[in-house]
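Below, each chain spelled out in residue letters.
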Amino acid sequence: MRIDKHPILDFKRGKKIKFTFNGQEIEGYEGESIAAALHASGVKVLGESILKHRPRGFYCAIGNCSSCLMVVDGMPNVKTCITELKEGMVVETQKGKGKIV
Amino acid sequence: MISSAEIVIIGGGISGCSTAYNLAKKGVKNIAVIEKSYITSGSTGRCGAGVRMQWGTEMNCKLAKKSIEFYENANDVLEYDGDVEFKQEGYLLIASTDKEMDQFHENVKIQNKLGIPSKILTLDEAKEIVPYLNTDILTGASYCGKDGFLNPFLTTDAFYRAAKRLGVEFYTYTQVLDIKVENGRVKSVITNKGEISTNIVVNAAGGYSKVISDMVNSELPVYSERHQILVTEPVEAMQAPMVMSFSLNLYCQQTPHGSFMMGRGDNREPRDLRITSSWEFLEQMAKTITEVLPPIGKLRLIRQWAGLYNMTPDKQPIYGKVNEVEGFYLAVGFSGHGFMFGPLTGVIISEMILEEEPTIDASMLNINRFKEGNLILEPSVV
Ligand SMILES: Cc1cc2nc3c(=O)[nH]c(=O)nc-3n(C[C@H](O)[C@H](O)[C@H](O)COP(=O)(O)OP(=O)(O)OC[C@H]3O[C@@H](n4cnc5c(N)ncnc54)[C@H](O)[C@@H]3O)c2cc1C
Ligand code: FES
Chain A
1119 MRIDKHPILD FKRGKKIKFT FNGQEIEGYE GESIAAALHA SGVKVLGESI
1169 LKHRPRGFYC AIGNCSSCLM VVDGMPNVKT CITELKEGMV VETQKGKGKI
1219 V
Chain B
535 MISSAEIVII GGGISGCSTA YNLAKKGVKN IAVIEKSYIT SGSTGRCGAG
585 VRMQWGTEMN CKLAKKSIEF YENANDVLEY DGDVEFKQEG YLLIASTDKE
635 MDQFHENVKI QNKLGIPSKI LTLDEAKEIV PYLNTDILTG ASYCGKDGFL
685 NPFLTTDAFY RAAKRLGVEF YTYTQVLDIK VENGRVKSVI TNKGEISTNI
735 VVNAAGGYSK VISDMVNSEL PVYSERHQIL VTEPVEAMQA PMVMSFSLNL
785 YCQQTPHGSF MMGRGDNREP RDLRITSSWE FLEQMAKTIT EVLPPIGKLR
835 LIRQWAGLYN MTPDKQPIYG KVNEVEGFYL AVGFSGHGFM FGPLTGVIIS
885 EMILEEEPTI DASMLNINRF KEGNLILEPS VV
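For the protein sequence lines, the chains are A and B, in the order given.
Per our numbering, numbering through the first sequence is continuous, rising by one, with the last residue being 1219.
Per our numbering, numbering through the second sequence is continuous, rising by one, with the last residue being 916.
Treat the hints loosely; a few may be bogus.
Stated by the list, open to error - Below, in silico cross-link-like pairs of lysine-lysine (DSS-like), each with a Cα-Cα straight-line distance of 25 Å or less:
#  : chain 1 : residue 1 : chain 2 : residue 2
1  : B       : LYS633    : B       : LYS643
2  : B       : LYS661    : A       : LYS1215
3  : A       : LYS1170   : B       : LYS621
4  : A       : LYS1213   : B       : LYS832
5  : B       : LYS621    : A       : LYS1215
6  : B       : LYS643    : A       : LYS1215
7  : B       : LYS680    : B       : LYS570
8  : B       : LYS600    : B       : LYS698
9  : B       : LYS721    : A       : LYS1204
10 : A       : LYS1170   : A       : LYS1130
If you are wondering where the hints come from, they were derived from the structure by calculation, not from laboratory data.
Computed from a predicted model, the values in this text were never measured in an experiment.
With these hints in hand, go ahead and build the complete structure from the sequences.
Here you go:
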């Protein structure tokens, strides 16, 4: 689902772009965040909690809570709710705390 | 609050708690520890909490070796319910000049002679331990796998609880305002919550040691200096040892939680009691770390804080009595490495007070060494 009309905000939809989520090709729009594009495509589980591996998803949506951390183009701990979607991005579910080496 | 005590210890950091524990274990009754804030609120709760045996003076090597042997069994000895989180995965000391490597060779000789299992490493060997180390800017390294670090809050808590079980009274959020002296002897300690008469006072006030010594008009040749630390977001375990460099001015470790904790000194710091945080530190620290350990530059910063180093002219602690007043003992001037000496600080001060045979003869760390010019400068500090 995407919001088309909003009382105070104007959504100018960019052009359609493709990216992958865990290897599967998904479409989104230029100008949206990664998490927004995933959410609109029905992907609600973005990651998992570290200790008990419970599902984690879109929560604060403003980059404060770290609920939406994913591996993007090989970089772990990317806050997908405030990171802009780019053509060809490789987005993956993060397991654990992330590896940088 | 009690009105009299056998011994009053000022300061609820690692030094004060360890001293209280050791005295109580030896059977001293009626000990009071006075802490102006909460336990570990001073330097102890703000430190890097690294413990290393790779020192340049024999005395520091001995103190560190005995303390680390203690830390290896701290949970058992202190009968701690929790875990002090001793991560014993080594210290990798890296050198960036030939002169510094010469120093490392000298240090390792002293260390090995005292039974410390440290060794000189080639740059390739160093890279085997930390593969992403930027060896282009280095000349060599030394390493001791028995060095490591602990959680300073839990470690102090273990001493605190053990001391409490042995009957030590702790008064937190209680500030020492003055110390009464009569006929050249300590008479009582005046706090904002009452007065405690006592014959023996231990100054274990960390960065505030001089403020306390001033109360009995005893001259203390120390000053305090702010040192800062930053911590990053956590990632999976990737760095076993603490990486430290004196010439590049840095130390950096990955905590069991996965975050990286790092710090450096700044010789332009004013000599006062401030513990505010600065952006200059963040900038300098980030630049240094991305040069030496490049992948860490990818991590986000979570927070920063500061604490005090209590510096002596030879960068070794001061233990023992003062000349001006009887019954006044010093456990001060740790110059940025008093956490790792904590277990021995308590042993040494308790033995001095009770006039027992010393476990380690630390008499050379008395206050008169500064006047007599008997200084043995520790070369290896950040
Ligand atoms: C950034 C930083 C990094 C460090 N890294 C390391 C390291 O890796 N390894 C290591 O071994 N050491 C390290 N140190 C040094 C170490 O923190 C100290 O040497 C050690 O904690 C000193 O312990 P202490 O108990 O003597 O002093 P503190 O922990 O400072 O305790 C003194 C206590 O006295 C209290 N006090 C002061 N005045 C009064 C008063 N008037 N009345 C009542 N109470 C009072 C204070 O509130 C304080 O809690 C570091 C220090 C800093 C700042
Ligand atoms: S949803 Fe909270 S940081 Fe992204």
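Going through the hints against the structure:
Restraint check for LYS633(B) and LYS643(B): the C-alpha separation of about 16 Å stays at or below 25 Å, so the hint holds. This hinted pair checks out: LYS661(B) and LYS1215(A) have alpha carbons roughly 24 Å apart, not beyond 25 Å. Between the alpha carbons of LYS1170(A) and LYS621(B) the distance comes to roughly 24 Å, so the proposed pair stays at or under 25 Å and holds. Restraint check: the Cα-Cα separation between LYS1213(A) and LYS832(B) comes to about 18 Å, which is no more than 25 Å; the hinted pair holds.
A C-alpha spacing of about 19 Å is found between LYS621(B) and LYS1215(A), which places the hinted pair at or below 25 Å, so the restraint holds. Of the supplied pair hints, the one linking LYS643(B) and LYS1215(A) is violated, its CA atoms being roughly 41 Å apart against a limit of 25 Å. Of the pairs offered as hints, the one joining LYS680(B) and LYS570(B) is violated, with about 35 Å between alpha carbons and a cut-off of 25 Å exceeded. The suggested pairing of LYS600(B) with LYS698(B) holds, with an alpha-carbon distance near 24 Å, which does not exceed 25 Å.
A distance of roughly 74 Å separates the Cα atoms of LYS721(B) and LYS1204(A); the hinted pair therefore is violated under the 25 Å criterion. Note on LYS1170(A) and LYS1130(A): the hinted pairing is violated, with a Cα-Cα distance of about 40 Å set against a maximum of 25 Å.
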